[in-house]
Each structure stands twice: as structure tokens, then as C-alpha cells.
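K.L.:
Working from the sequences, and respecting the hints, build out all of it.
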Amino acid sequence: MARYVDAMTHLPQLTAPGTAFAYNNSGLVVAGRIIELVTGTTYESAVQKLVLDPLQLAHTHYFSDQIIGLNVAAPHAAVGGRPIVESEFWAFPRSCNPTGGLMSTARDQLRYARFHLGDGRAPNGEQILSRRSLEAMRSNPGAGGTLWVELTGMGVTWMLRPSAENVTIVEHGGTWKGQRSGFFMVPDRDFAMTVLTNSDGGFHLINDLFARDWALRRFAGISNLPAAPQRLGPADLAPYEGRYVAGQVSQNGNFEQTVIEFRARDGQLAGTLTDANPDGPDTAELGLAFYRPDYGIDIGPDGKPTGSRSNFVRGPDGNIAWFCTLHGRLFRRQ
Numbered sequence: 001m002a003r004y005v006d007a008m009t010h011l012p013q014l015t016a017p018g019t020a021f022a023y024n025n026s027g028l029v030v031a032g033r034i035i036e037l038v039t040g041t042t043y044e045s046a047v048q049k050l051v052l053d054p055l056q057l058a059h060t061h062y063f064s065d066q067i068i069g070l071n072v073a074a075p076h077a078a079v080g081g082r083p084i085v086e087s088e089f090w091a092f093p094r095s096c097n098p099t100g101g102l103m104s105t106a107r108d109q110l111r112y113a114r115f116h117l118g119d120g121r122a123p124n125g126e127q128i129l130s131r132r133s134l135e136a137m138r139s140n141p142g143a144g145g146t147l148w149v150e151l152t153g154m155g156v157t158w159m160l161r162p163s164a165e166n167v168t169i170v171e172h173g174g175t176w177k178g179q180r181s182g183f184f185m186v187p188d189r190d191f192a193m194t195v196l197t198n199s200d201g202g203f204h205l206i207n208d209l210f211a212r213d214w215a216l217r218r219f220a221g222i223s224n225l226p227a228a229p230q231r232l233g234p235a236d237l238a239p240y241e242g243r244y245v246a247g248q249v250s251q252n253g254n255f256e257q258t259v260i261e262f263r264a265r266d267g268q269l270a271g272t273l274t275d276a277n278p279d280g281p282d283t284a285e286l287g288l289a290f291y292r293p294d295y296g297i298d299i300g301p302d303g304k305p306t307g308s309r310s311n312f313v314r315g316p317d318g319n320i321a322w323f324c325t326l327h328g329r330l331f332r333r334q
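For the sequence shown, the UniProt record's numbering gives the first residue as 1, with consecutive numbering after it.
Hints are computed from structural coordinates only; laboratory data are not their basis.
Think of the CB as a built atom: it goes at the ideal place given N, C-alpha and C, for glycine as much as any other residue.
Heads up, some of the hints might be wrong.
Claimed, not checked - In the SDA-like style, the derived pairs of lysine to any residue whose C-alpha atoms are separated by at most 25 Å in a straight line are: (1) 177 to 115; (2) 49 to 155; (3) 177 to 163; (4) 49 to 2; (5) 49 to 173; (6) 304 to 224; (7) 177 to 23; (8) 177 to 328; (9) 177 to 80; (10) 177 to 49; (11) 49 to 150.
As the list claims (entries may be wrong) - Using C-beta positions, here's what the derived DEER-type ranges look like: (12) 284 to 120: 44 to 54 Å; (13) 110 to 9: 16 to 26 Å; (14) 28 to 188: 25 to 35 Å; (15) 6 to 100: 32 to 42 Å.
P.N.:
Here it is, written out as C-alpha cells:
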């Protein structure tokens, strides 16, 4: 983790702090490194001592040798109609543990949710955090944006999501090879839900239960902000047309670039997404139907809404500078 953070000193700052929402795991690694320096121990040991043990989360662990003897849902893919274990799941870099390296159970996650919905006390009565600190973690959201759904912004590791009833939804899901999860809370309704899946196909379940509002309406009595797709004229779509580029360093150390190109078509944006990879570029069709200025509903290759949302970010001059999509990543306009 120390080497990871030290290496980040050579990376450019894309946007000024507080001006744009972008989901970026490297920020969580920095927070993890700060925890190491403050506590004088490893990040995992600090979490074990300060969080997991007091909250009695006995089935939540970072390392594979800690889950020997426990029932583990192995990640898998479907090949020819048969499940095949995804062994790449276990190759999770230790430096990334602050970004989501915990292996847990639905029961433990709901215990964690109960802690955040409560007064900051552990089951034995020990005060872990004050109620004020818990509330502060889901306050002061900063810049809004999108990550599958429209967001008011970020709290401390929590995504803060608006609702039609002006009640805040607090959430943070996760994605790794062969694993998809969703987790959200509605503090004003004393409601929380978690879903853990051990297949990439779990995305569809997560999308139905979390991006759409079936569970929110049924159990919390609230719903998503309305998003009725619109058909705009060429002059309204022109500012959004163009080429958007994002780069990242892959797990094998290679610099990879993804390019999105948009053009106006039938009152919406139509375009392509091209991933550069060693085997050659991989291109897919995509689109966007605006439901309010700068915010749109994602359209899949079949021309139908995918259930997720994306947004454009304007620069200091008021012109479109970024496109935020694909797990909250920023694409710079060229």
C-alpha cells in the first residue's frame, strides 16, 4: 500500500478537488495508508481491531487463509450451460484492500448496516463512533454526478443518492471478477439491504434491485428521481457531440485507453465505445437519452434503456469538459 501511494505522486490531477464527482479507488487506498500511519499498524489489522472485532463481524475477512473451514460462494462463469469456477478472483492485490478486499456474509453486512443506522455503539455497548460522526459520514456530499443512478455526491465512502420524496439513500456496491454486490441504507426509514452474488451475471439482479426502485418502493416507501427520456433538437445536442477519452493503468501495468464518440441521432446521442487491448480494439454501440440538462439515461446496443444513468460535467467556462459513465469514471472531451 505504501508503494502504491508513493507511485501516485507521479500521476496528474484531473479535476480540481470538489468540482466533479468521479469514482476512483485510488482515493480509498490513500485513506487506507493514512489509517496505517495514524494507527502504526497494517490497514487490515487496524480494521480488525477497530471495526470487525467490536461489531462482532466474525465471518468478515481479508485473507484467504482466514476463511478455511467456512462456506465460501466461489465466483463462477457459465460455459456451455455449466458453472466454471473463476480462479482469477483470488488474485486480489493487497494494496487494493481498502477499495473492497473484504470477504463477508449477508448477515455480517446487515450487522454493519445496523451499526450505521444506530447510535454508534457496538453490540456490547462500547461507543465506536458518535452518532454525529455517523451522520457526518453521509453529509456534505460535494459535487453530484452519476454512478448507475443519479447521485447528490459522495460522503465518507458512501454514495449519497436523492429520491423523489427528498429522502437520502446511502449506498456503496462492489464489483470484482466473478462477484457483484449491492448495499444501501435509508436512514430516515431505518431500512437497509444487501445482495451478494458470485457471478458476473449478478449485475442484472443488482441493477433490478438497486438501480431501479422496486426494493425502495416496496420496503422504504420511496422512489428514484423521475427520468423521462426526451428528444432534443440538433442545436441542443450539438454541445455534447464529440470524442471523450479515459486512460487507466491495468492490473498488468499496461496503460489502456477507452474512447467514446457521440453524435446526434433521432433526438438523442448515439455513439461507440472502443477499448484498446493487446488483441485489438473492442467496439460496442451505446447511446444516451437526456432527461434533464447534462443528465441522461444510458441506451444499450439494442436501442433500449439499460437502467443506468450518466452525466456530462462542465468546465469553469461553462462548456462540456467531461463525460461521467461506466462505474462513475470520467472521460475527458477532446
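K.L.:
It remains to establish, for every hint, whether it holds in the given structure.
P.N.:
Verification of the supplied hints:
A distance of roughly 29 Å separates the Cα atoms of residue 177 and residue 115; the hinted pair therefore is violated under the 25 Å criterion. At most 25 Å may separate the alpha-carbon atoms for a hinted pair to count; residue 49 and residue 155 meet this at roughly 24 Å. Taking the CA atoms of residue 177 and residue 163, the gap is near 31 Å; set against the 25 Å cutoff, the hint is violated. Taking the CA atoms of residue 49 and residue 2, the gap is near 20 Å; set against the 25 Å cutoff, the hint holds.
At most 25 Å may separate the alpha-carbon atoms for a hinted pair to count; residue 49 and residue 173 meet this at roughly 24 Å. The straight-line distance between the Cα atoms of residue 304 and residue 224 is roughly 19 Å, inside the 25 Å bound, and the hint therefore holds. Of the pairs offered as hints, the one joining residue 177 and residue 23 holds, with about 18 Å between alpha carbons and a cut-off of 25 Å not exceeded. Restraint check for residue 177 and residue 328: the C-alpha separation of about 18 Å stays at or below 25 Å, so the hint holds.
Taking the CA atoms of residue 177 and residue 80, the gap is about 19 Å. The hint holds against a cut of 25 Å. Annotation: proposed proximity of residue 177 to residue 49 is violated, straight-line Cα distance about 28 Å (limit 25 Å). Our distance criterion of 25 Å between C-alpha atoms is broken by residue 49 and residue 150, whose separation comes to about 35 Å. Taking the beta carbon of each, residue 284 and residue 120 are about 45 Å apart, inside 44 to 54 Å as hinted.
Taking the beta carbon of each, residue 110 and residue 9 are about 39 Å apart, not inside 16 to 26 Å as hinted. Range check, residue 28 to residue 188: about 26 Å between beta-carbon atoms, so the 25 to 35 Å window is met. A C-beta distance of roughly 22 Å is found between residue 6 and residue 100, which places it outside the suggested range of 32 to 42 Å.
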